[in-house]
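K.L.:
Chain A is fixed; fit chain B onto it per the hints.
2 protein chains.
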Amino acid sequence: MLNATLLGTGGTIPLKNRWLSSCLISVNGHSVLVDCGEGTQIALKIAGHKFKPIDTICITHFHADHISGLPGLLLTMGNEGRTEPVKIFGPVGLKNIVNALCVIVPVLPFALEVHELKERKEFHSDKLIITPFQAEHSVDCIGYSFYLPHDRKFEPDKARNNQVPIKLWSTLQKGQTAELDGTIYTPDMVLGAERRGIKLTYCTDSRPTEGIKAAAQKSDLFICEGMYDTDDKLPQAKEKGHMLFSEAARLAKAAKAERLIFTHYSPSLDEPENGLENARKIFPNTECGYDGQKIALSYRD
Amino acid sequence: MLNATLLGTGGTIPLKNRWLSSCLISVNGHSVLVDCGEGTQIALKIAGHKFKPIDTICITHFHADHISGLPGLLLTMGNEGRTEPVKIFGPVGLKNIVNALCVIVPVLPFALEVHELKERKEFHSDKLIITPFQAEHSVDCIGYSFYLPHDRKFEPDKARNNQVPIKLWSTLQKGQTAELDGTIYTPDMVLGAERRGIKLTYCTDSRPTEGIKAAAQKSDLFICEGMYDTDDKLPQAKEKGHMLFSEAARLAKAAKAERLIFTHYSPSLDEPENGLENARKIFPNTECGYDGQKIALSYRD
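Protein chains in written order, with my numbering: chain A, 18 to 318; chain B, 18 to 318.
One chain only, chain A, in its complex shape:
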C-alpha cells in the first residue's frame, strides 16, 4: 500500500486556512516529502505525522512557497534526535539554495545528502522508484512520479510442474537464480505473471505539456496543480506558468490516469469546488484536494 497526505494545497502565500502545497508519500514506514514551504512542518503535525520516517525530500523548484520551510523542518528533525542521513533532490542549484537557507541552521545531528537532478533519471527511496520529469514554469521546475512495484506472485503449482526442488523455492521467489546438481533454476519457474504496481504522479508548478502527459501515463493517482478554476483565467495562467482546472483535467484524460486531485490553488480561490463541474466534464474522476487529505492506494491485483 502507498499512502499519500496532502499537507497543504495552497499556492504562492500561506493563508490562515490553507497551508502551502506539499505532499507526504509513505510506504512501509518510509516517507518522501514533496516540497516544504513555510508551515509545512506544522501541517505535518496537524495531519498526525511523525518526522522520523522522512528519509527523502523532493523539491520541485526554488520559489519560496515550495522551499522556505526547509531550514525549520531540518532543525525540528534534528531536535527530535534524528541521526540517519536525509536525502534532498531538486533542480540544479539545489546545493547553493540549501546552503544559503541553512545559514540559520548551524549544526544538524544528521548528514544532508543533496542531489541536483542534472538529468531526469529515476532514483530510489526505499521501495519507491522516483522518476523526475520536466515541468514548464517561470523557473526550472521538476515533477515527480512515484512507482511502487508489485512483486510477482509465487505459484507452488508452477514450481512443482517445473520440478523445482522445494529447498530452492525461497531463493527463486526472491528473484534469484539457483543451481543444484548441475541444473539451473530461474525465478520464472516459480513466479506468476508481472503485476501492476502503484503509480502516483505529482506535478506543480507548470503549464500543461506533452512531457507531463507522458510522465503521468496510467497513474493510479495524478496530483496536479489547479491554480485557476475557470477558463477565463487562461491569460494569468500563461503569464505565471500555471494551469487551469480544465488543462489539468485534459492532461489526466490524455495520460489515461485513474484519478485526478487538484492542489496549489491561487489564494484568490476561496471555494475551489466551484470549478469542479467544468473539470469533470473533461475528466470525471476529478476531486479538489484539501489540506490534510489522506489517500490510501492499494495494489489492484
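Hints may be right or wrong, so weigh each one.
If several chains are the same, the list does not tell them apart, and a pair holds so long as it fits within one copy or across any two.
Cross-link-like lysine-lysine pairs, in silico, DSSO-like; alpha carbons within 27 Å at most [unchecked claim]:
hint	residue 1	residue 2
1	LYS33	LYS104
2	LYS135	LYS104
3	LYS104	LYS273
4	LYS311	LYS104
5	LYS311	LYS33
6	LYS62	LYS257
7	LYS33	LYS67
8	LYS255	LYS184
9	LYS138	LYS104
10	LYS33	LYS62
11	LYS67	LYS270
I should point out that these hints are in silico values taken from the structure, not numbers from a laboratory.
P.N.:
Coordinates of chain B only, in the frame set by chain A:
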C-alpha cells in the same frame, strides 16, 4: 496610544497550537515587527493585521525560530503591492543572513534597508524611539525598548501670562522657538511640564542580566521570555541561555516595571499558567501571554 499584539508565544519550534514568538507594536498607523519566525505572516493574518503598516522589523538574533519567516513575509509584502522601503535592524551579520535567506526571493518591489546594530544606540521608527540592549544567549542577541514620547501640554493661561502673541502659539506648541519684533519666544512659555510617555520592553532569548534590568526600568509593559515555568529547570535554562518564570519576575520587580507578560515558552509547556502563581509571588502583576493577545497602552497623564 501604543498597541502591541503577541503574534506568537512559542520557542524553538512552531507547534500546531502555538506560533513562534513575535510581537507587533503599532502607533498611529505605523508598525514595528519584532522577530519573524516560520508562520509569523500567518499569525499576522489570523490576528487581523495588515502588512502595509509594517515599516520596521527588529530581529533579536539569528536562530531559525526568530527569523526563518522573513523571506516569506517580504514576498507577501511585495505581493500586496508595497513600494515604500522596509527597515530591518538586528545584530552584526544581519546583511549576510538577509542576503542568504532571500536567495528564494528574487525580486522585491520595495527597498530593504538593513541596519546592523554595531552599537546599542537608539533609532526611530516614526514616533517610536527604539533602544536596543544586549541580551545574553548562546549567540549575539538583542532586546528592544520602545518609547512613545508624550507631547507636553499646551497651556493657554501660561501663554497669556508670558504675553506670547496668539499668532505664535501654534509654532511654540510644536516645540519651535519664534521671534517677533525683536523678542524671542520659547516653547517653555506655552507648554506644561514634561509628561511620561509609554515604554514597552521586549526581551527574548536571554539569561537574566543587570543590563536587561536597566533597559526595562519603569516599563509600562515588560514582555519577557519565560522558557521554563518551574525553578527545577534552572540547569536547562542556564545551559540553553534562557530564563525561568521566576527569573523574569525578579527582573520585572527590580526594574520597577508596571506589568510583566511572558512569551517564548518551551514546547514542553502545555499549560504555562501552571507556573504563574510562583512568579506572582515575586511580581504580582504577571501574566502568561498567549497567541493573538492584544494589549493597548495609554498615556497615564
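K.L.:
If the cutoff is 27 Å on CA atoms, where do LYS311 and LYS33 land: within, between, both or neither? Let me know, please.
P.N.:
both (21 Å within a copy, 18 Å between copies)
K.L.:
Is it within, between, both or neither when you check LYS62 against LYS257 at 27 Å Cα-Cα?
P.N.:
For LYS62 and LYS257, only the inter-copy Cα distance (25 Å) is at most 27 Å; the intra-copy one is 31 Å.
K.L.:
For LYS33 and LYS62, with the copy left unspecified, which applies at a CA distance of at most 27 Å: within, between, both, or neither?
P.N.:
Both ways: LYS33 and LYS62 sit 16 Å apart in one copy and 6 Å across, limit 27 Å.
K.L.:
For LYS255 and LYS184, with the copy left unspecified, which applies at a CA distance of at most 27 Å: within, between, both, or neither?
P.N.:
neither (62 Å within a copy, 63 Å between copies)
K.L.:
Between the shortest in-copy and the shortest cross-copy C-alpha distance, which are at most 27 Å for LYS67 and LYS270: within, between, both, or neither?
P.N.:
neither (35 Å within a copy, 42 Å between copies)
K.L.:
Regarding LYS138 and LYS104, is the shortest C-alpha distance of 27 Å or less found within a copy, between copies, in both, or in neither?
P.N.:
within (16 Å within a copy, 45 Å between copies)
K.L.:
Give the relationship of LYS33 and LYS67 under a CA distance limit of 27 Å: within one copy only, between copies only, both, or neither.
P.N.:
both (23 Å within a copy, 13 Å between copies)
K.L.:
Between copies, within a copy, both or neither: which fits LYS33 and LYS104 at Cα up to 27 Å?
P.N.:
Classified as between; 26 Å across copies, 30 Å inside a copy.
K.L.:
Is it within a copy, between copies, both, or neither that the alpha carbon of LYS311 lies no farther than 27 Å from that of LYS104?
P.N.:
within (24 Å within a copy, 42 Å between copies)
K.L.:
First find the shortest C-alpha distance between LYS135 and LYS104 inside one copy, then the shortest across copies, and answer within, between, both or neither for a cut-off of 27 Å.
P.N.:
within (16 Å within a copy, 39 Å between copies)
K.L.:
At most 27 Å between CA atoms: does that hold for LYS104 and LYS273 within a copy, between copies, both, or neither?
P.N.:
neither (31 Å within a copy, 53 Å between copies)
Violation of the numbered hints given earlier is confined to hints 3, 8 and 11; the remaining hints are satisfied by the structure.
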